[in-house]
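The listed protein sequences correspond, in order, to chains V and A. Read left to right, the first sequence gives residues 1 to 471 (the working numbering). Read left to right, the second sequence gives residues 472 to 559 (the working numbering).
Please keep in mind that the hints were generated in silico from the structure rather than gathered at the bench. We put the CB at the ideal spot given by N, CA and C, even for glycine. One or more of the hints may lead you astray.
Label-pair restraints from in silico Cβ distances [to be verified]:
1. V:327 with A:524: 47 to 53 Å
2. A:525 with V:327: 44 to 50 Å
3. V:39 with A:526: 30 to 36 Å
4. V:184 with A:525: 27 to 33 Å
5. V:50 with A:478: 27 to 33 Å
6. V:386 with A:478: 47 to 53 Å
7. V:54 with A:526: 16 to 22 Å
8. V:65 with A:491: 48 to 54 Å
9. A:491 with V:76: 38 to 44 Å
10. V:408 with A:478: 39 to 45 Å
11. V:402 with A:478: 44 to 50 Å
12. A:478 with V:8: 18 to 24 Å
13. A:491 with V:2: 41 to 47 Å
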Amino acid sequence: MKTNLLEVCYLIGSITFILGLKMMGNAKTARKGNLIGAAGMIIAILGTVFLFVKKDENGVADYNYSVPGIVYGLIGGAILLGTIIGWMTAKKVQMTKMPELVSMFNGMGGACAALIGLMEYHNNIGHTGASIAIVLGVIIGSISFSGSVIAFLKLNGTMNQPIRLPAYNIINTIVMIGVFAFGGYMVFNHIESSSVLYALFGCAIIYGILFTVPIGGADMPVVISLLNSFTGLAAAFGGFLYDNKVMLTGGILVGSAGTLLTLVMCKAMNRPLSNVIFGAFGGGGAVATGNSEKGTIKDISVSDLAVLMNYSKKIVIVPGYGLAVAQAQHVIHELELLLEERGVEVKYAIHPVAGRMPGHMNVLLAESNVAYEKLVEMDDINPEFEQTDVVLVVGANDVVNPAAKTDPSSPIYGMPILEVNKAKNIIINKRSMNAGYAGIDNLLFYDPKSSMFFGDAKKALTDLVAELKTM
Amino acid sequence: MVYFIVLSVFVGIEVIGGVPTVLHTPLMSGANAIHGVVIVGAIYVMLNVNPDNTLALILGSLAVLLGTLNVVGGFVVTDRMLEMFKKK
Chain V
1 MKTNLLEVCY LIGSITFILG LKMMGNAKTA RKGNLIGAAG MIIAILGTVF LFVKKDENGV
61 ADYNYSVPGI VYGLIGGAIL LGTIIGWMTA KKVQMTKMPE LVSMFNGMGG ACAALIGLME
121 YHNNIGHTGA SIAIVLGVII GSISFSGSVI AFLKLNGTMN QPIRLPAYNI INTIVMIGVF
181 AFGGYMVFNH IESSSVLYAL FGCAIIYGIL FTVPIGGADM PVVISLLNSF TGLAAAFGGF
241 LYDNKVMLTG GILVGSAGTL LTLVMCKAMN RPLSNVIFGA FGGGGAVATG NSEKGTIKDI
301 SVSDLAVLMN YSKKIVIVPG YGLAVAQAQH VIHELELLLE ERGVEVKYAI HPVAGRMPGH
361 MNVLLAESNV AYEKLVEMDD INPEFEQTDV VLVVGANDVV NPAAKTDPSS PIYGMPILEV
421 NKAKNIIINK RSMNAGYAGI DNLLFYDPKS SMFFGDAKKA LTDLVAELKT M
Chain A
472 MVYFIVLSVF VGIEVIGGVP TVLHTPLMSG ANAIHGVVIV GAIYVMLNVN PDNTLALILG
532 SLAVLLGTLN VVGGFVVTDR MLEMFKKK
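Isolated chain V, as found in the complex (with noise of 0.2 Å):
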């Protein structure tokens, strides 16, 4: 009967878990499909706490066994502290800080899968399947942990240089079929020794470090996303193990949609999914040198800008992670209702790409209430730059640079862009003149239509707003 009522839970949590990933690609159902996801969760593990019923080695059933006290005190421990920590940090957290979180979390779980399997292990030496389950588990969920912690080392700036030992790609390459092939042989050969288990630990924590350290910071969505799939790969393998349907269908959907939304990213920056992980620029190894010819660069003062933007029929802003790291979100939504009162046209075109993960820049821009239809993709916005007065182009660079579609020995060349340069005036918000993330210098700074409006983000807007003001 217990048993029943349990796998009517695990199927109840992976239906909502289906649904609810489904309706979270729509932005209208999304917050309620992860509602929907969330409810299913608990669905689950209340079951599996208060519907357990013991095996023995035969898998035969002893409904007489009662789980010790100390047991159930530890777990319900865990989960308390684990939902008022989790709870208080998500709910604290920054916007801009989002995507180390998610990096954070994710390697939580890669380190409960690697847990998991280092408490197995000694069960079921000599059970070839599970034995398998267990040390894949072991090996991915510690190279998830392993690689998240650096990428949110990464994305938190701590760590920002990408670090390439010599020949790093064959090293790393070594190191990876080293892992697996040390675990095929503890499950060959029965190993039975603890050390042993933990050494192949360490070398699968060491690979992650090892995997994740030369990527750039650019391209860390894209590791993050893959880590994340590598995560349900290691919870699906916990599935396999106890033959537990939820754990089996949570961890292969994320698995493979966590694939999947990966290869859409790569696609999105049009570089295959090798080459991020390879490298080819995401440190910025080869500079593109431009042409000697590039011209002049103009710089424009607030009050001129100010005058510009009031007399502007349509105004298209592009923001980039330069408004991000300079928390200018709130200031720019200023400027557009101010814009929009005087009766000035204002969009945001929004690139597959700007920020540090996709969609980084609308749920920044949502943060600071702009209205989610304001946003507009680079695919609708294009045709539209022909009749724009102003693009103000805010801490974004490699994804308006020209270089993308003229040049072919860029090293972005082919990656479609925002095509600011058919406006009639472009503003460019920088700090400095330095190259962009991809360290490519950019051709529309010299641009004849191009004006460079240097400053911090948010200050300059600042200033703006004020100047605008007093017209």
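Assemble the complex: chain V is given as a structure, and chain A must be docked to it using the hints.
This is chain A only, laid out in the frame that chain V set:
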């Protein structure tokens, strides 16, 4: 079992197909919360632990704690992101 796995893979691909880029971040975050289902495994291990095995109790509690962080943090942060999309 294999049948089941292959089906799940296709469901995963089907579910993600055609999602607007705008929703990639929340979706990734939501998927992140869902793989927190490993916590079910962690609880299961814990329930089977012999209470005299202190190391197992410690590791198990740690696993449950980490799994809870993944689940709770994941869902709450996703909700916070999506809350912002809900517009008047």
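Hints, one by one, checked against the model:
1. Evaluation of the 47 to 53 Å hint for residue 327 of chain V and residue 524 of chain A yields a pass: the beta carbon distance comes to about 50 Å.
2. At roughly 47 Å, the beta carbons of residue 525 of chain A and residue 327 of chain V sit within the given window of 44 to 50 Å.
3. Between residue 39 of chain V and residue 526 of chain A the beta carbon distance is about 35 Å. The supplied range of 30 to 36 Å therefore holds.
4. With their beta carbons about 31 Å apart, residue 184 of chain V and residue 525 of chain A fall inside the hinted range of 27 to 33 Å.
5. Judged by the Cβ atoms, the range 27 to 33 Å given for residue 50 of chain V and residue 478 of chain A holds: they are separated by roughly 29 Å.
6. Checked against the given bound of 47 to 53 Å, the beta carbons of residue 386 of chain V and residue 478 of chain A, roughly 48 Å apart, stay inside it.
7. Checked against the hint of 16 to 22 Å, the C-beta distance between residue 54 of chain V and residue 526 of chain A comes to roughly 21 Å, which is consistent with it.
8. Between residue 65 of chain V and residue 491 of chain A the beta carbon distance is about 51 Å. The supplied range of 48 to 54 Å therefore holds.
9. Distance hint check: the CB atoms of residue 491 of chain A and residue 76 of chain V are about 41 Å apart, consistent with the given range 38 to 44 Å.
10. For residue 408 of chain V and residue 478 of chain A, the Cβ-Cβ distance of about 44 Å falls inside the hinted range of 39 to 45 Å, so the restraint holds.
11. In this structure the hint that residue 402 of chain V and residue 478 of chain A lie 44 to 50 Å apart at CB holds, the actual value being about 46 Å.
12. Here the CB-CB span from residue 478 of chain A to residue 8 of chain V is close to 19 Å, well matched to the stated 18 to 24 Å.
13. At roughly 43 Å, the beta carbons of residue 491 of chain A and residue 2 of chain V sit within the given window of 41 to 47 Å.
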